[in-house]
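Construct the complete structure from the given sequences, taking the supplied hints into account.
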Amino acid sequence: MHVLVCIKQVPADPSAVKVDRKTNTLIREGIPVVVNPFDLFAIEEALRLRERMSSSGQKGRVSVITMGPPQARSALEEAIAMGADDAVLLSDRAFAGADTLATAYTLSRGIRRIEDSTGAKVDIVICGRQSTDGDTAQVGPELAEMLGIPHLVRVRKVESLTRESIRVERIADGGYDVIESCLPVLLTVEKGINQPRVPSLRGLMRARKAGIPVWGAQELGVEAQQVGLAGSPTRVIRVFSPERQRRAEMLTGSPEAVARLLVDRLMTAM
Amino acid sequence: MGDVWIFAEVSEGRPLDVVYELLGGGRPLADDLGGKLAAILPWGADQAGEASTKEAVVRDLIASGADLVYVVQSRELVLRQEEPHAQAIYELANQYRPDVLLFGATTFGLSLAPRVAAKLGTGLIANCTTLSIDKGSGLLLMTRPAFEENIMATMTCPDRRPQMATVRPRAMKRLTPDPGRLGEVLTVVCDLPSPGARVVEVVKEDQDQAVDITDAKIIVAGGRGIGCKENLEMLEELAHLLGGAVAVSRPVVDAGWAPESRQVGQSGKIVSPKLYIACGISGAVQHTAGMSSSDIIVAINKDPGAPIFDIATYGIVGDVCQIVPALIRELKGRR
Ligand SMILES: Cc1cc2nc3c(=O)[nH]c(=O)nc-3n(C[C@H](O)[C@H](O)[C@H](O)COP(=O)(O)OP(=O)(O)OC[C@H]3O[C@@H](n4cnc5c(N)ncnc54)[C@H](O)[C@@H]3O)c2cc1C
Ligand SMILES: Nc1ncnc2c1ncn2[C@@H]1O[C@H](COP(=O)(O)O)[C@@H](O)[C@H]1O
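So the sequence lines, in the order shown, correspond to chains A and B. Quick note: the first sequence, position 243, residue 243 per the working numbering, numbers continuous. If you count the second sequence from 1, you need to add 1000 to reach the working numbering.
No lab work stands behind these hints: they were computed from the structure. All figures in this text were calculated on a predicted structure; none of them were measured in a lab. All C-beta atoms, glycine included, are put in the ideal place defined by N, C-alpha and C. A couple of the hints might just be wrong.
[What the hints assert, rightly or not] Pulled a few chain B residues facing chain A out of the computed Cβ check, cut under 7 Å:
no., residue
1, 1092
2, 1107
3, 1123
4, 1205
5, 1251
Structural data, given as structure tokens:
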């Protein structure tokens, strides 16, 4: 069974991202990056599914894929160090500036190419619940639609897995749903579904030496106008800091005095 | 001439609150575009046989701002199954070509909308808090917080249709229902393929069902600055005197002083009460993301530089352990 994890490299502290007042663009240079925290749960869950399979005598394989700049290789290395079998980096200048639709499209073509090379469908695709920088939770469901498979979001537990189907608990507003799906399927996993392992030293060595193919637009057989900014239906037209203009009226005095002032204000205001 | 569509997510035969907010937020958009405001109401096997409820829901949607309700009927449109819902909306949108298509940013809406967007090959902006129509271009301007609320971004979808967004609960105001409003109903019966994923069991799990802070008109909220679990009792007393409910920041939940259902913020609930009294809360963006649209915000904090004062209406620099009891005494004295 083949499990594929989609991961993204993101700023370590997204709230540190600032707006360049002159150009109205985001200042991202020099900001330390990490694997999207939600995606660590995705990697861990894939590894656990592989363990589950091997204990029932099935062979499992975990692949990892990311679309990003050349530096995103280090995110893939971290996944291999955790125990993933192999990884692919989708990287090309033409991919830059992609919104969720163009990202999902590019990932779907990467997955198709992996399937062509193995001659078999990927059985389970796992994404994080959301990325901390894009923060949309859209890439997973869009990717599932493009692959023509069902998707289950916010999975908090995999109850059972067979060759043909999977049964999970997924969070819903006000509780959870038990849901059963045929394979192949795409899952997005909730934080806390597991405790992601820390890469081992041996894993880190292996990752450093791992051959990670880099596929661009040509390898994926996509036109430049289908990917990146050109393939993105949405445009950012303005970026700004939220207004902080509502300055408080400060009430001062003894506790009794401020309590009286406040209750007076509230009585007239409400 | 663009129509604006909103998805009417129904639970137990009742549209969610966010559906009415979408109607309230969608109304001016439809007016600016000179089009109709339509609601898509899925009606599946689990709601079948309740024709009277369906009529009532349709009337309610029209009273709350819809010009037109598409009732989409299919046995496959059962609770929270994305594939048949996406297929039905896709077919409808291809036939009637709305200009704008909005979903509430509920768990189901956030899962369904991207599936629909990918089918339609159009853009989708997540978790919007403000929507408007650009006078010059007629494009939908979609504004959302990004980078943990640190930055706001306004986006458009210039060339593809529909222009799609998910909208944060409580970001838009519902209209006052007008039972006299007139609207059309169009019933569409769909023959949908059976989905690959099926819900087999629905489990309700709200630990703290007695109090839903998202419904409270007045909220007294405690942060790490309240110091200990016992001090929540004085907040309860204050809330009781005001007829409100107690909410908390995340560290209070992490410390085990209060259940998660009381947490306000980015990873908790979004609230928008008439009055929010923040006691010992610093005002981190992840917290204010959940309460900044409250009508009146009172901040009580011993640190005059606490960022919560930036968004507060009234600020008191002081110790919560002195100010809150003084407020309780003042309120009791005025009874
Ligand atoms: C991904 C992510 C998601 C998050 N989601 C949420 C969320 O949903 N909700 C949330 O709340 N947080 C969330 N957080 C955490 C958030 O960043 C802050 O850490 C948190 O809101 C701080 O809570 P606080 O204001 O209660 O505590 P603190 O920041 O520690 O502030 C305590 C305040 O109390 C004041 N104080 C102390 N003693 C007294 C006293 N005796 N009298 C008066 N004032 C006093 C202090 O001056 C201080 O301002 C999230 C963080 C991350 C990274
Ligand atoms: N560039 C990318 N490369 C690989 N996976 C991605 C990428 N962007 C998003 N994802 C996946 O989609 C999930 C949701 O991301 P988002 O829609 O940005 O919130 C992430 O947790 C990843 O699993």
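Okay, the hints, checked on the actual structure:
The closest approach between the C-beta of residue 1092 of chain B and any C-beta of chain A is roughly 17 Å, which is over the 7 Å cut-off, so the hint fails. Checking residue 1107 of chain B against chain A: minimum C-beta separation of about 5 Å stays under 7 Å; hint holds. A cut of 7 Å between beta carbons decides the hint on residue 1123 of chain B: the least distance to chain A is about 3 Å, and the hint holds. Residue-level restraint check for residue 1205 of chain B holds (minimum Cβ-Cβ distance to chain A is 4 Å; threshold 7 Å).
Because the beta carbon of residue 1251 of chain B sits about 17 Å from the nearest beta carbon in chain A, more than 7 Å, this interface hint is broken.
In this structure, the hints that do not hold are numbers 1, 5, in rising order.
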